[in-house]
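*Asks:* Here are the chains, one letter per residue:
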Amino acid sequence: MTSVIDAAPARRAFRLTRLFQGLERVVVPGLLIAGWEAFARSGVLPPALLPAPSAVLHALGDWVFGFDETTQTYSGHWLRDAMASALRVFGGFALASLLGILAGVAIGWSRLFEKTLEPTLQMLRPIPPVSWIPLAIIWFGIADKPAIFLVFLGAFFPVLMNAIHGVKTVDHNLVRAGAMMGANQRQMLTDIVLPAALPSIFAGLRIAVGSAWMLTVTAEMVAVKSGLGYVLWDSYYFLRYDIVLAAMISIGLLGYLSDFGLKAVMARTLRWQQTTTVQGRAG
Amino acid sequence: MAAIELRNIVKVFSDKRRGRDLLTLDNIDLDIEANDFVCLLGPSGCGKSTLLNIIAGFEQATSGRTLVDGKQVERPGSDRGVVFQQPTLMPWLTAIDNIAFHLKLKGVGKAERYDRAMEFIDLVGLRGFEHHHPSELSGGMNQRVGIARALLMNPSVILMDEPFAALDAQTKLEMQEELVAIWQKRRCTIVFVTHSVDEALVLGNKIVVMTKRPGRIREAVNFGMPRPRDITSPEFNDAKRRILSLIREESTRLAQAS
Ligand SMILES: Nc1ncnc2c1ncn2[C@@H]1O[C@H](COP(=O)(O)OP(=O)(O)O)[C@@H](O)[C@H]1O
Ligand SMILES: [Mg+2]
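Order-wise, the sequence lines are chains A and B.
Note that the working numbering gives residue 164 to position 164 of the first sequence, counting from 1, and the numbers run on in steps of one.
Heads up, the working numbering is the position in the second sequence plus 283, with the first residue counted as 1.
Hints were generated in silico from the structure; no laboratory data involved.
Idealized CB from N, CA, C, for every residue including glycine.
Be careful, since some hints might not be right.
Okay, derived cross-link-like pairs now, DSSO-like style, lysine-lysine, Cα gap no bigger than 27 Å in a straight line [what the hints assert, rightly or not]: (1) A:K168 x B:K299; (2) B:K354 x B:K299; (3) B:K354 x B:K387; (4) B:K495 x A:K115; (5) A:K225 x A:K263; (6) B:K387 x A:K168; (7) A:K145 x A:K225; (8) A:K115 x A:K263; (9) B:K393 x B:K455.
Covered by chain B, according to a simulated footprint, are these stretches of chain A (three or more residues, beta-carbon under 8 Å) [said to hold, decoys possible]: (10) 189 to 195; (11) 199 to 210.
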């Protein structure tokens, strides 16, 4: 009983400390936003060139919910625009992951694939994906396809490089242990090499999802007529910097969410990597 | 027919960077009988691991023949269980999945795999830890998983490469006792590599003393001291003196030669 009574104030104090720790994090962004708001309202710059955070929030709100049509034709269409971008990201990223992992494992594991495939891929790698835009447009026209193609190019190489690295650095003795237990070539790949390379592959996937968002937005600025990047570029032509900023915020948020989701999948898949000692568990 | 027959094994490594060849094993000729507990004893770098890897099928001898149960060794296989110096477990699998990995590769269903693996979990004293990952277990416990994994395959020989070298003294003693108990209970053939005279004498009933580079067999000594062996008894010390004098003779010979 006494322990319960004693614990209550301690717990309250603990909760207060937690609250302050939470506040610490928002001090700097809070001050930045307040300063920006004050500066924008002071009238040094015309409001069209530097919209106040409140104006950006207003534009974002109307874009999402469509309450007063301040964002005109975009009013209430945020979900449609965000979905258009997200689908391109997903399409290109999924394709890049699949092919990147397949090619990476093949190159990392087999001398034959390394000799035949790798030189070509390594020569294509330094070409910036955006420089493919003219070709992508004449090949695929103005639509989803060139965007997905660009996203694929941006996401493929990080996955490929990390998959190759992951497979090449698999502990040689694990492969020996597998052979000792009677693994055939296919089992060696699926049951030993692939799981052993997963941490490295996931590192590649996380870099890739960042590139995927970057290239979707780039593609939408020039080669597609929908999505968050298109709204951003279109609003720039009409000098609607509040919408430009609202689009930037949306892209940042969705990019962050994709990485967060990927991190969650990774944490689940690589649970075995989290080191907890026997003692640490008991204590 | 002996369980393992080594016939004139020679191993030469080509040192490409220095552009010369390194004779590592020089004409090793050895028979190991079924159910023997053989300790390969020699200083670091004398080729003990190389010899074990040749029996395991991880490496090919430059010349000579290696037969296990009368069959030529060509590649690694589950008829030879290997316990590595580092536990070398799949870090993404739990203890029981590591032990039953061989059954998984053979396509045995999960219920039967776990059923059969539990016997070995008990044998090496890991009940209660079967669902822990290697990162959650101590070095000694992981090495037990490695031993259980080799035993489960029911191999005709078990090859162990200094499996206790990285353990603390107390854990090492415990593991040595348990290994002897397992060997007595299951009657298997063990080839155990070590550089420690004490370890060889605690474990083996045949001690193969190897020479420094290039690795040759100095002498194979039978050691039938009853178990449990008291390492402070006169009998143990006599044997130790004999082994040490073999090693010392060898060093003196080398010193004179150079
Ligand atoms: N893959 C290899 N390539 C070249 N030299 C090797 C290789 N493996 C072992 N050696 C050499 O062979 C000798 C014996 O090594 P090893 O069998 O590991 O000795 P031990 O296990 O007795 O300490 C050492 O001098 C080592 O440098
Ligand atoms: Mg060695």
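*Asks:* Evaluate each hint against the coordinates.
*Replies:* Comparing the hints with the structure gives:
no., hint, result
1, A:K168 x B:K299, "holds (22 Å)"
2, B:K354 x B:K299, "violated (33 Å)"
3, B:K354 x B:K387, "holds (26 Å)"
4, B:K495 x A:K115, "violated (41 Å)"
5, A:K225 x A:K263, "violated (31 Å)"
6, B:K387 x A:K168, "holds (25 Å)"
7, A:K145 x A:K225, "holds (12 Å)"
8, A:K115 x A:K263, "violated (33 Å)"
9, B:K393 x B:K455, "violated (33 Å)"
10, 189 to 195, "holds (count 3)"
11, 199 to 210, "violated (count 0)"
Hints 2, 4, 5, 8, 9, 11 from the list above are not met by this structure, while the remaining hints are.
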